[in-house]
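Fit chain B to the known structure of chain A by using the hints.
One letter stands for each residue in the lines below.
There are 2 protein chains.
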Amino acid sequence: MRIIKVTEEVSLARDVDTGNETQQASVDNILAQVREEGDQALKKLTEQFDGAALENLLVTKEEMDDAYNEVDDEVLEALRQAALNIREFHERQTRQSWMVTKEDGTMLGQKIIPLDSVGVYVPGGKASYPSTIMMNVIPAQVAGVENIVMTSPPDKNGNLNPAVLVTAAELGVKTIVKAGGAQAVAALAYGTETVPKVDKIVGPGNIFVALAKRAVFGQVDIDMIAGPSEVVVLADERARPEYIAADLLSQAEHDEMASAVLVTPSETLAQMTASEIERQVKELPRKDIAEASIKDYGAIYLTETMEEAIAAVNKLAPEHLEILTLNPHDQLGKIKHAGAIFLGQYSPEPVGDYFAGPNHVLPTNGTARFSSPLNVDDFTKKSSIISYSKEAFHRDAAHITALARLEGLEAHARSIDIRTEGKKSE
Amino acid sequence: MRIIKVTEEVSLARDVDTGNETQQASVDNILAQVREEGDQALKKLTEQFDGAALENLLVTKEEMDDAYNEVDDEVLEALRQAALNIREFHERQTRQSWMVTKEDGTMLGQKIIPLDSVGVYVPGGKASYPSTIMMNVIPAQVAGVENIVMTSPPDKNGNLNPAVLVTAAELGVKTIVKAGGAQAVAALAYGTETVPKVDKIVGPGNIFVALAKRAVFGQVDIDMIAGPSEVVVLADERARPEYIAADLLSQAEHDEMASAVLVTPSETLAQMTASEIERQVKELPRKDIAEASIKDYGAIYLTETMEEAIAAVNKLAPEHLEILTLNPHDQLGKIKHAGAIFLGQYSPEPVGDYFAGPNHVLPTNGTARFSSPLNVDDFTKKSSIISYSKEAFHRDAAHITALARLEGLEAHARSIDIRTEGKKSE
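Those protein sequences? They're chains A and B, same order as listed.
The first sequence begins at 43 in the working numbering and counts up one residue at a time.
The second sequence begins at 43 in the working numbering and counts up one residue at a time.
The set of hints was computed from the structure by calculation and includes no laboratory data.
Keep in mind that the hints are not guaranteed to be accurate.
Since copy identity is lost for identical chains, a pair holds within one copy or between any two.
In the DSSO-like style, the derived pairs of lysine-lysine whose C-alpha atoms are separated by at most 27 Å in a straight line are [claimed, not checked]: (1) Lys376 <-> Lys357; (2) Lys378 <-> Lys216; (3) Lys198 <-> Lys216; (4) Lys216 <-> Lys376; (5) Lys378 <-> Lys47; (6) Lys47 <-> Lys239; (7) Lys329 <-> Lys239; (8) Lys376 <-> Lys153; (9) Lys47 <-> Lys216; (10) Lys144 <-> Lys376.
Next up, chain A with everything else stripped away, as it sits in the complex:
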């Protein structure tokens, strides 16, 4: 991996695929079909894209039960413990509606309630993604969302991956639609005879899913459109290069666009880590992907001091940040921009990806400057409450009309005046 002395700007920003005109036209066409023809279009498109001729768009109770036979006890136990941890962490994020009551009789407040319904997109293909299901479904459940609709593309035989079904069953997801791509997003956004319309769509997907989410945004809410994944390791000379190399490679194996970066003031560590990466990468099943990622988007940034290294991290604003220094808590207060911060040598990123409790849906591509991990707030909404008393109204009426007239909005002022006219004439 290249070692670069940090002198000026560093950035993780990569040009993300935003689709071409052909893809956009295809998505628009699919959205229109599902909107107009509902289930019929959904079945037709699933046959076309996934090769599955479905009679029933929904997963049955029997399919859910049968899936348990296909999943190892060891995996089931791990899934259950992970779900417990994730639920516990997200339960600490819940908030209550609140109000202030004033002596003049006024009441002001915020009503905070869950969204009515949420759709969770789960990618299909050969790999299964139980962790995606947990990280998207559990925060919605903790928020109190009553209707959760999951959707995932079936294989050619019309089946979903057993681990996906078991994870959904463990979480209590009842409605699972066998559909993927833009057609699944369309079904969630518009509703069909079988698929309930939702208020928000979350979950990762390919470019067609991303384009479809963008297209229906406004009609429904969506989560962020994730870019390629990234990790930055901030380390001093005490850190172990073989750990750092393993952690960087765990990011690099995701895809060729993934970015794995070490920032350190230690030249020795920089060189040892570079060697370790060369050694470890050769043994990986996803070696080709990891090598491409390391070559194109990997880097070791060498700084003069730890302060400079921290400044570089804040400029990078990584999705994942590991701090591998003698006392990692010392640096925590100085980190301003990172999606998730992993402290110390026993907190490699996979601990958070799967298990510890915090969400693995994180801001990518430098957006940690202004975005947050997926969390319970994302599945709630607020309404302001304003209950003015007669006393407060008459006290403030002149101020309100002064401001309305300053802005040239006379009818605003009159909706106040009409209520004070009686008083004026007294």
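Same frame as chain A, but now just chain B:
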């Protein structure tokens, strides 16, 4: 105003102007110019669009001081009291970072911190919008945002409206840029020699501002792109038709696309309100706008029962909801979708637009189903914290590798294994 018996679907959704290709091309061109040429482009474009040849892009301290001579004491007093109320309400929304420490040495938490910098766009033109400044700046200040940059288009003489300057001065805004349109958004998103780059851009604007915000989204965060304004009044036979008419008209005067709707089970009230609107609208300075809005987007929905009326309100999911019933608090629990809820006859919408404290930047066009009023959370972001102990790590390692391998991510598993190898060989 037309009286419609509610039988089926009701909706507030209007087709919002999303710009045409010429406008998009113009915005793209402006963004590129400002990105490449900075201040020089900003001055050139301000001369071109606003007719102002500026030497200095920033408002000076002297201009701020002079503006006070142009603002009435009555207005100043109203501004100050409104700012106090808005600040007090938003201060109740602040949140602390939190953590959980477990007996095994693990620490998990959420670090919640303000954004570094925020840009606030303030529309120009003949009217001045002090309330826009307060509603956008104060939540950012309360969140703890250190750098707030305001921008607003100057008049032909290069001046900003005195009320705008005084409001900014009262709030302590130091950096005010004389620029509007897409060029102002570009300056905030990319930074120029004079204008600091920000992390988030908020505030309303015309179609060019909206297109520019959409274009820079991802590079920076943006607030929602506001649609036309709307109010729904939910009333029973006890409500006063002249109040309702005045309140509906205060919304209708905003613009021709604004929507003002009464939902009631009382036919008498429906008819009396319709007459009152006819009477009151004639006396308004912005009569033409209000009449067009009432004709195209106004409606009185008549229901059989109050329950049906509430169901209709939840379908409409209005930006503003006034509840004018005998005991408005009785209905509050049943309202699921509304940006701001105004209870009782002394809480007409302008009380909230200007003064009470809650934010007037609200979800429009039915998006209250899933969006919230602008609030302090919008100016903060979260980072997850994961600090696993050696004990916890070894306890959970097998679970984590089981899940990683289930998803086919071998390098993830190895970043765990490399840390347990020593233990295994013990």
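For each hint, the structure was consulted:
In this homomeric assembly, Lys376 and Lys357 come within 27 Å of each other (Cα to Cα) only inside a single copy, at 12 Å, whereas the closest approach across copies is 46 Å. In this homomeric assembly, Lys378 and Lys216 come within 27 Å of each other (Cα to Cα) only across copies, at 23 Å, whereas the closest approach inside a single copy is 40 Å. Proximity of Lys198 to Lys216 under the C-alpha cut-off of 27 Å is restricted to the intra-copy arrangement: shortest distance 23 Å within a copy versus 62 Å between copies. In this assembly of identical chains, Lys216 and Lys376 lie within 27 Å of each other by CA distance solely across copies; the values are 26 Å between and 44 Å within a copy.
Taking CA atoms no more than 27 Å apart as the test, Lys378 paired with Lys47 passes inside one copy only; the shortest distance there is 22 Å, against 55 Å between copies. Proximity of Lys47 and Lys239 under a CA criterion of 27 Å is satisfied inter-copy only: 26 Å between copies versus 52 Å inside one chain copy. Proximity of Lys329 to Lys239 under the C-alpha cut-off of 27 Å is found in neither arrangement, the shortest distances being 42 Å within a copy and 40 Å between copies. Proximity of Lys376 and Lys153 under a CA criterion of 27 Å is satisfied inter-copy only: 12 Å between copies versus 34 Å inside one chain copy.
For the identical chains of this complex, Lys47 and Lys216 are neighbours neither inside a copy (53 Å) nor across copies (37 Å), given an alpha-carbon limit of 27 Å. In the homo-oligomer, the alpha carbons of Lys144 and Lys376 lie at most 27 Å apart only across protomers (24 Å), although the nearest pairing inside one protomer, at 40 Å, exceeds that limit.
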